[in-house]
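With the hints as constraints, model all of the structure from the sequences given.
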Amino acid sequence: MAYLSMGEAHRRITEYLNRFSDAVSFQDGASLKQLLSVSSNSPSLLSLADSLNVFQDANRLIKQSEKYSQFGEIIAPFFRCMQSYRTGNLLDAYHAFEKAANAFLPEFRNWESAWALEALYVVAYEIRILAERADRELAFNGKSPEKLKGAGSFLMKVFGVLAGKGPKRVGALYVTCQLFKIYFKLGTVNLCRSVIRSIETARIFDFEEFPKRDKVTYMYYTGRLEVFNENFPAADHKLSYALMHCHPHNEANIRMILKYLIPVKLSIGILPKDWLLEKYGLVEYNNVIQALKRGDLRLLREALQEHEDRFLRSGVFLVLEKLELQVYQRLLKKIYIIQKQRDPSKAHQMKLEVIVKALKWLEIDMDLDEVECIVAILIYKNLVKGYFAHKSKVVVLSKQDPFPKLNSKPVNS
Amino acid sequence: MKFSLPEKKLPSKNTQRPAKRQHLAGGLNAANNDASSDSDKEQSLTAYYSSAISIANTPEEKKRRESRSKRFEKGQGHRAEINYLKQKNAGAGNLYSRRASALMISKSFDDSGSKAVEDIDWDALTVKGTCQEIEKRYLRLTSAPDPSSVRPEEVLEKALLMVQNSQKNYLYKCDQLKSIRQDLTVQRIQNQLTVKVYETHARLSLEAGDLPEYNQCQSQLKTLYAEGIEGCDMEFAAYNLLCVILHSNNNRDLVSSMSRLTEGSKKDKAVKHALAVRAAVTSGNYVMFFRLYEDAPNLNSCLMDLYVEKMRYRAVSCMSRSYRPTIPVSYIARVLGFCRTSDGNDEDSDGSGLVECLEWMKAHGACLASDDGGEIQLDTKASSSSLYMPEPEDAVAHGDANLAVNDFLTRTSL
Numbered sequence: 001m002a003y004l005s006m007g008e009a010h011r012r013i014t015e016y017l018n019r020f021s022d023a024v025s026f027q028d029g030a031s032l033k034q035l036l037s038v039s040s041n042s043p044s045l046l047s048l049a050d051s052l053n054v055f056q057d058a059n060r061l062i063k064q065s066e067k068y069s070q071f072g073e074i075i076a077p078f079f080r081c082m083q084s085y086r087t088g089n090l091l092d093a094y095h096a097f098e099k100a101a102n103a104f105l106p107e108f109r110n111w112e113s114a115w116a117l118e119a120l121y122v123v124a125y126e127i128r129i130l131a132e133r134a135d136r137e138l139a140f141n142g143k144s145p146e147k148l149k150g151a152g153s154f155l156m157k158v159f160g161v162l163a164g165k166g167p168k169r170v171g172a173l174y175v176t177c178q179l180f181k182i183y184f185k186l187g188t189v190n191l192c193r194s195v196i197r198s199i200e201t202a203r204i205f206d207f208e209e210f211p212k213r214d215k216v217t218y219m220y221y222t223g224r225l226e227v228f229n230e231n232f233p234a235a236d237h238k239l240s241y242a243l244m245h246c247h248p249h250n251e252a253n254i255r256m257i258l259k260y261l262i263p264v265k266l267s268i269g270i271l272p273k274d275w276l277l278e279k280y281g282l283v284e285y286n287n288v289i290q291a292l293k294r295g296d297l298r299l300l301r302e303a304l305q306e307h308e309d310r311f312l313r314s315g316v317f318l319v320l321e322k323l324e325l326q327v328y329q330r331l332l333k334k335i336y337i338i339q340k341q342r343d344p345s346k347a348h349q350m351k352l353e354v355i356v357k358a359l360k361w362l363e364i365d366m367d368l369d370e371v372e373c374i375v376a377i378l379i380y381k382n383l384v385k386g387y388f389a390h391k392s393k394v395v396v397l398s399k400q401d402p403f404p405k406l407n408s409k410p411v412n413s
Numbered sequence: 001m002k003f004s005l006p007e008k009k010l011p012s013k014n015t016q017r018p019a020k021r022q023h024l025a026g027g028l029n030a031a032n033n034d035a036s037s038d039s040d041k042e043q044s045l046t047a048y049y050s051s052a053i054s055i056a057n058t059p060e061e062k063k064r065r066e067s068r069s070k071r072f073e074k075g076q077g078h079r080a081e082i083n084y085l086k087q088k089n090a091g092a093g094n095l096y097s098r099r100a101s102a103l104m105i106s107k108s109f110d111d112s113g114s115k116a117v118e119d120i121d122w123d124a125l126t127v128k129g130t131c132q133e134i135e136k137r138y139l140r141l142t143s144a145p146d147p148s149s150v151r152p153e154e155v156l157e158k159a160l161l162m163v164q165n166s167q168k169n170y171l172y173k174c175d176q177l178k179s180i181r182q183d184l185t186v187q188r189i190q191n192q193l194t195v196k197v198y199e200t201h202a203r204l205s206l207e208a209g210d211l212p213e214y215n216q217c218q219s220q221l222k223t224l225y226a227e228g229i230e231g232c233d234m235e236f237a238a239y240n241l242l243c244v245i246l247h248s249n250n251n252r253d254l255v256s257s258m259s260r261l262t263e264g265s266k267k268d269k270a271v272k273h274a275l276a277v278r279a280a281v282t283s284g285n286y287v288m289f290f291r292l293y294e295d296a297p298n299l300n301s302c303l304m305d306l307y308v309e310k311m312r313y314r315a316v317s318c319m320s321r322s323y324r325p326t327i328p329v330s331y332i333a334r335v336l337g338f339c340r341t342s343d344g345n346d347e348d349s350d351g352s353g354l355v356e357c358l359e360w361m362k363a364h365g366a367c368l369a370s371d372d373g374g375e376i377q378l379d380t381k382a383s384s385s386s387l388y389m390p391e392p393e394d395a396v397a398h399g400d401a402n403l404a405v406n407d408f409l410t411r412t413s414l
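Line order of the protein sequences matches chains E and G. Numbering (the UniProt record's numbering) for the first sequence: 1 to 413. Numbering (the UniProt record's numbering) for the second sequence: 1 to 414.
Among the clues, some could well be false.
The following label-pair restraints were derived from C-beta to C-beta distances [unchecked claim]:
hint, chain 1, residue 1, chain 2, residue 2, range
1, G, L171, E, K409, 46 to 54 Å
2, G, E227, E, Q27, 53 to 61 Å
3, G, T262, E, H10, 55 to 63 Å
Since the hints were made in silico from the structure, they are not lab data. Each residue gets a CB set at the ideal place from its N, CA and C atoms; glycine is no exception.
Right, here's the structure in full:
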């Protein structure tokens, strides 16, 4: 830190105070938001922090003039936050910011138009980021991390303020997305339900009015929730929406969407083109797709094992595992095609032992009972049309379309 | 354009009846980390969110917060909480009587029976026991413990041995173990003995089908293992996994339990078994399920017991749709685990498996018929529309299975 004189520190603090009160007087949301973005590490905020640490008595300056003191409840804790942030005291920084945020909210509510919405977004964003860092500090010191939860509670309050008839209501989706990020991080995604219900059923909200960026983020998270619930048609709808409206240059976001959309599409029988996987670096799905195309159960199982940790962490493991049935279907179809070539009149009857042999050839050791069970399940779930004759151990296939395609519908559960 | 989407309905598995021994299964979800139902409030939006703050500070929410933070922390937090509590304990000796009485006034003991011995704040009441009785009934402490009524560690070791070798019934052992647990807690003893006590109690609870008690022990064991104390952590990791698999309809819980397994634990026999059960349940592979049921390590089969009924129903439903024209009931009895024999093979030597299977089929609306050779067959086409899940005949009228003590008592022998 370069040497900073008391005089210079005093000047910089006063400059900040002036900018703050001017931003409010002139309803300049763009300026105000820059004055609050702690984690942006902007030079002006960092130098403010340095000045505060040198000057040490900023409260006196705030009280000097009514112009500043009217925002004292917000600025004083904000100053403390900057000081702690600068010295790496992230827990204290969070506490101070929380205080400032709680003072900011009623002021925001009183301001008539939605001019300060961007600033509110910054407050919402910062409280989450600072909470995450505070929790990391707590965990590092062996304590229980609970600041992110606190941030969540604050954001619920913000949501409440925005959930009204006025122009401020378009901000509600942004706050919702911040809440999603918190709940996903904490693993308490069940809490998303109530916010979703508010957005989707409250009459004051019209989904189309929300900013595009927020709609994409919203559909991404709600799409992921549908994946967890294995509600594939809905997941497909939402994730596809996110993909379609995502900015084409935003490759990182597209990749995130595809990571979930691909398993969903696979579950409804739609395979992606190879170049898509390559372009967005989603090579972990390569073998899964190969296995589906070839009816190669061994390859599917290998692929699931190889990337097990990754798939479990992202939560798509169970979705991919369920593809096994489609792989079995493909295998049976191949056997059927071969049989048809050899003797079309008998092709619709498939002996169980032939299937067992085919699996053995894939180095999968399953006995008659188990294969019979799998066949029963395939028929039950309409992946195979026909029936199984137990006595003769033969699968009798329907003469018409014995291996129906999924046609964008998931396998019956 | 208004955006709306129908809410997904809960899967019907929720309403099927629990297996026979599962009297006290109601409490199973209580100890699970995820409070899966948030409030379905009908209030207006702003009212909901302004009241969210008051909700945030109720005891239930505090408890939920605690368990949420534990998940976030992935084990670190447990250690943290133990250390934090230990610090608080410093200097308790001086303030002993004052703090003890202050605690008595401020605490409200929840006597619903579901509150664990360990939930009471023992920090200020730590005591060194002198009692020498090996056999001691459980008396919930309502005042500061008298050292002469608390047993020291050496005596508790003998007490545990006594319980393990005792021929008496579950209620007796449960009572004795609770008493041992209380003595350990009061003296803040957290070591291998403590682990052995909880493991013993957990196993007995599993065998007796007492899931709330099992859950209490399981959560204490989690903490103790996380502290690094040695015990049968693999055995219990498997039980834990099976609980999530067989009871939670929540895929997220399942996936997070699976992702938390270490590479080492995945190689353990019991855990491997539990994972195989998981795969069988997910895919509906009944042949695999009952093979695993037949050949289960430790007490994995006790937990699988709770799913046997559901799996059988799923299997027969599936078979009714896929097989034509009939299936011999003897085959069904074989693959659905009705013919369990002690020597491991599934030959139904005395025919009792077939009889049990026939009874089960009739109770579930299956259509049966004898063929020309006198063998009983399942008429699959007819059954596919007549199968149903019967109401549990031992359901308690008021709905709280925890209170069905009388029924429980008549089942255990003395």
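- Item | 46 to 54 Å as the expected CB spacing between K409 (chain E) and L171 (chain G), which holds or is violated | holds, 53 Å
- Confirm or reject the claim that E227 (chain G) and Q27 (chain E) have a C-beta distance inside 53 to 61 Å. Hint holds: Cβ distance 57 Å, inside 53 to 61 Å.
- Query: Are T262 (chain G) and H10 (chain E) spaced within 55 to 63 Å by their CB atoms?
  - Reply: Given a distance of about 57 Å, which is inside 55 to 63 Å, the answer is holds.
In this structure, none of the earlier numbered hints is contradicted; all agree with it.
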